[in-house]
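The lines below spell out each chain.
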Amino acid sequence: MTGQVNDFVIKIATVNGTGSASANGLLMKALFRMGVPVTGKNLFPSNIQGLPTWYEVRANHAGYMSRSGRVDVMVAMNAQTYKQDLAEVSSGGFLVYDSTWPRKELLQRDDITVLGVPLAALCNEHFSVARIRILMKNIAYVGVLSALMGIDRDVLKTLLEETFAKKPKLVDSNLEAISLGYDYAMKNFQCPLPVHAEKIGDNSGHIIIDGNSAAALGCLYAGATVGAWYPITPSTSLMDAFQGYCNRFRKDPETGENRFCIIQAEDELAAAGMVLGASWSGARAFTPTSGPGISLMSEFIGFAYYAEIPSVFFDIQRVGPSTGMPTRTQQCDVMLCAFASHGDTRHPMLLPADPHECFEMAVQAFDLAERLQTPVFVLSDLDIGMNDWMIPELTWDDAYRPDRGKVLHAADLEGMQKFHRYLDRDGDGIPHRSYPGEHSKGAYFVRGSGHNKYGSYTEDGPEYQEVVDRLLVKWQTAASMVPRPVLRKAARETRIGIIAYGSSDGAVNEAMDRLAEEGSHADYLRIRAFPFNGEVREFLDAHDSVFVVEQNRDAQMRSLLMIEAGAPAGKLHRILHYNGMPIPSACVVSGVRQHLAQEAAA
Amino acid sequence: MTYIAKPRIDMPGELLNAVGLKQRDYEGVLSTLCAGCGHDSITAAIVQAFWELSISPERVIKLSGIGCSSKTPAYFMSGAHGFNSVHGRMPSVATGALAANRDLVCIAVSGDGDSLSIGFGQFGHVIRRNVNMLYIIENNGVYGLTKGQFSASADPGSKAKKGEVNHMKAIDPVATAIALGGSFAARSFSGDREQLVPLIKAGVIHPGCAVLDVVSPCVTFNDHVGSTKSYAYTREHYYAASRTDFVPPATEIKASYGEGEVLPVTLHDGSKLLLRKADADYDPTNRSKAMEYLEKHSSRGEVVTGLMFINEELPELHTISGTARKPLTHTSFDELNPGSAALAKLQQRLR
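Residue numbers (this note's numbering), protein chains in the order written: chain A, 1 to 602; chain B, 1001 to 1351.
Quick caveat, the hints were computed from the structure, so don't treat them as lab data. Incorrect hints may appear among the rest.
Simulated crosslink set (BS3-like; lysine-lysine; CA at most 25 Å straight-line) [as the list claims (entries may be wrong)]: (1) Lys-1006/B - Lys-167/A; (2) Lys-1006/B - Lys-453/A; (3) Lys-199/A - Lys-157/A; (4) Lys-251/A - Lys-1345/B; (5) Lys-1296/B - Lys-1277/B; (6) Lys-167/A - Lys-157/A; (7) Lys-1289/B - Lys-418/A; (8) Lys-167/A - Lys-199/A; (9) Lys-441/A - Lys-1022/B; (10) Lys-166/A - Lys-1345/B; (11) Lys-406/A - Lys-474/A; (12) Lys-1296/B - Lys-1272/B; (13) Lys-441/A - Lys-1345/B.
Covered stretches of chain B, going by a simulated chain A footprint (3 or more residues, C-beta under 8 Å) [claimed, not checked]: (14) 1051-1060; (15) 1219-1232.
Here are a few chain A residues that face chain B, going by a calculated C-beta distance under 7 Å [what the hints assert, rightly or not]: (16) Arg-153; (17) Glu-257; (18) Glu-266; (19) His-439; (20) Phe-445.
Note that the Cβ used here is the ideal one computed from N, Cα and C, for glycine as well.
Model the full assembly from the supplied sequences, consistent with the hints where possible.
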């Protein structure tokens, strides 16, 4: 598979805390500006400095976004992981390493080409400050790659000039480092390699962004004003980004005062409480967290469900159970979020597949939470949230106005005989609410204890039941409001289906093309929300065999489809990937292939 | 049953406050607490204080956690929005509510179980953030609703109703609040309305987290011999470090006091607290002296009451955060949304 133009994977092995992130970002952006579709995946340890870290750039002219499972060019900058990195290079591939200290063991494979570049020696000779030498060693390997892989040096120069517009001295030293690597490679190797990039455009109309930044932008544009959070990987960068955008766009132009309030809570319990308090007061409020945080927030989530307080929870999923692997990805909180808290509870979930949907669904989450007066979850994951994705530019409709739901303001209340908080006047299961501070007629007592439809305390069975039954009516209403699934029909009529959601989307799309080449055709339904709407049921009915692709051990979405959409267990086949790495397309291909082979044999 | 409406009887000649309301307008539904419960006296003091302050009930939010104390917001100010949250988590809800709308007047009622055990973390952090609210702890040293277990404020050596003796140290919310750098810490007794009402008023006006610990005997589970939170014990060991007069803004101070007897404290709205001190050397603006004073008297087994510490200068949450003066809930969508042009511009850097 190697030897391709604009279709390759470069993997860079470094040590965390050495400043390789900017070099890797530079590399990825250069490919992007050459018009090649790219994705970047950061595989990092739960550590601050000194442990192995990898960055994987996939360039692919067809625009495939998932991991391919291949490594065409490995840049091995970490002696600790040489052995592992060597083993990972695909047959016919290349390994670049720092030959300042030559390593015989790297020459053990005769099916790959090892290219030694004395990066440390070159940088030590050229730069005098110790820290600069380390940083520039990273930029120097970008220079090596630019020669080996045909990466446009003018593009690199432009990018550096943009990045360091305010520090021109840094542009010079970076360019020098690039030249060090570039010149050495040109002199000593046959450049470019058979696997290389060629400029095919400029990817105009696209951007590179991570899901957490995009979600934060969604919160900004939705008009969220209160954010409460407790730092937790991999969700932290969502609030960091929100803070950054607020500092830029939410300062009063005259006074410099903040039109936002971000509170770093003492724990996730408090963060959830703050979101509820703020939403109850009439603000749009949210919290970003990950699985362990949802566990702690569950107490308040049940309260918000029963007391009907709008609230938005971003769960950037990571590997569980317990602390699990905080810097690895999974889709393991589906069941947790669907039914979080004790008692009969159920919550709408939105399932973005990429940063573009993180942006859109962040806005939808606030609209839905306020329309439905209930907690709404946005289930992203580490892969979407923290990795660099190429997506079409985000757009905004200036005509958009937030859906604040059924709120009675002072003027509405003034004319009313009596306000009853939990009375379903419209038959859609959604009552009216009022904000504190507006009118004493709108005053009511929010409680998590038993209450009747008027909002009064009750221990009366039928009165209690009337309210929880009405919440089910609201649930039906929710099913008609949440985002609809996306259907990708096979080229031919087929009774085979694939269901996936979230970050598995790229792998499934690529797998469908591979399978179609082999003559296996499947329709693909990407679920974008819970509760399931009619289209999910129709898809299940229309197919005899449905593969459910997900990134967890217990096939949680499959279970949810069985419980909530009445799908028979026999027709739902699991395709699972849960080692913490983003799912590669090969996993989907082999899963489908194996099952079809078994069926054919039977 | 917290839904029993009180019959409303309007008496001729009832006084109206500055916003044209009668004291009855500050009441809530009928209390379902035990007859003689200290909490009901505190409720009455809250009603009186808010009426006298002429705060319209719709400007007020009243929050609580879980427990006997936390039922009480239903018993005052029916015209105020109420939030009976989960056990020990009231401070976070109050923080969020005030983050969203800083113009709300917040009164929070908690208990010793709610604040000093399950909610000790949130109690500490709401003080640390200096959220602008009155935080009343109705402190009876016992878990009433679950029938008489010791709480974390039970004094060492005190006896439970069934004879069990507590051997663990008591957590003093006043000393804790001062140690955490709180801006306002006071203690009173449910049976001393004269002291309690001015302290409630001062706590409402104080621009920060005003912690008011009110010893409030539990007549059912903690009012026996051997209890240190009983009516009898509290009255016997009651030690008022100061008496407080609350003087509204622009009101002339008429009473005359001897030199050194009175310490006037001016609150941020211009109202004044006149502290009539029992000890001439007591200074509630001196943090280390306040701690020393509390320690000295508690070691003698005395229940020290009064305004123990105040610092009007400590910045509250919004001052620290730099939040706009106009409440976030009143900020229009156009002021919050940067628009499509800004989004397009922003994305130029993402290429």
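The hints, checked one at a time:
Between the alpha carbons of Lys-1006/B and Lys-167/A the distance comes to roughly 72 Å, so the proposed pair goes past 25 Å and is violated. Of the supplied pair hints, the one linking Lys-1006/B and Lys-453/A holds, its CA atoms being roughly 20 Å apart against a limit of 25 Å. With a C-alpha separation of about 16 Å, the suggested pair Lys-199/A and Lys-157/A falls inside the 25 Å cut-off, and the hint holds. In summary, the hint linking Lys-251/A to Lys-1345/B is supported, as the alpha carbons are separated by about 18 Å, within the 25 Å threshold.
Taking the CA atoms of Lys-1296/B and Lys-1277/B, the gap is about 16 Å. The hint holds against a cut of 25 Å. A hinted pair counts as satisfied when its Cα atoms are at most 25 Å apart, and Lys-167/A with Lys-157/A qualifies at roughly 14 Å. Distance restraint check for Lys-1289/B and Lys-418/A: the Cα-Cα separation of roughly 53 Å exceeds the 25 Å cut-off, and the hinted pair is therefore not satisfied. Distance restraint check for Lys-167/A and Lys-199/A: the Cα-Cα separation of roughly 29 Å exceeds the 25 Å cut-off, and the hinted pair is therefore not satisfied.
About 17 Å separates the Cα atoms of Lys-441/A and Lys-1022/B, which keeps this hinted pair within 25 Å; it holds. A hinted pair counts as satisfied when its Cα atoms are at most 25 Å apart, and Lys-166/A with Lys-1345/B qualifies at roughly 19 Å. For a cut-off of 25 Å, the pair hint linking Lys-406/A to Lys-474/A stands: about 13 Å separates their Cα positions. A threshold of 25 Å between alpha carbons decides the hint, and for Lys-1296/B with Lys-1272/B the separation of about 28 Å lies outside it, so the pair is violated.
Between Lys-441/A and Lys-1345/B, the direct Cα distance comes to roughly 46 Å. Violation of the 25 Å bound is thereby established for this hinted pair. Here's how the stretch 1051-1060 of chain B fares: 4 of its residues keep a CB closer than 8 Å to some CB of chain A, so the rule of at least three is met and the hint holds. With a cut-off of 8 Å between beta carbons, the stretch 1219-1232 of chain B has 0 residues touching chain A; three or more are needed, and the interface restraint is violated. Given hint, Arg-153/A at the interface with chain B, is violated; its Cβ is 18 Å from that chain's nearest Cβ, farther than 7 Å.
Proximity of Glu-257/A to chain B holds as hinted, the smallest CB-CB distance being about 4 Å (cut-off 7 Å). Contact between Glu-266/A and chain B, as hinted, is supported at the beta carbon level, the nearest pair being about 4 Å apart and thus within 7 Å. Annotation: His-439/A was flagged as interfacial toward chain B, and the flag holds, the nearest CB pair being 6 Å apart, inside 7 Å. At about 4 Å, the closest approach between the beta carbon of Phe-445/A and any beta carbon in chain B falls short of 7 Å, and the interface hint on this residue holds.
Violated hints for the displayed structure, listed by number in ascending order: 1, 7, 8, 12, 13, 15 and 16.
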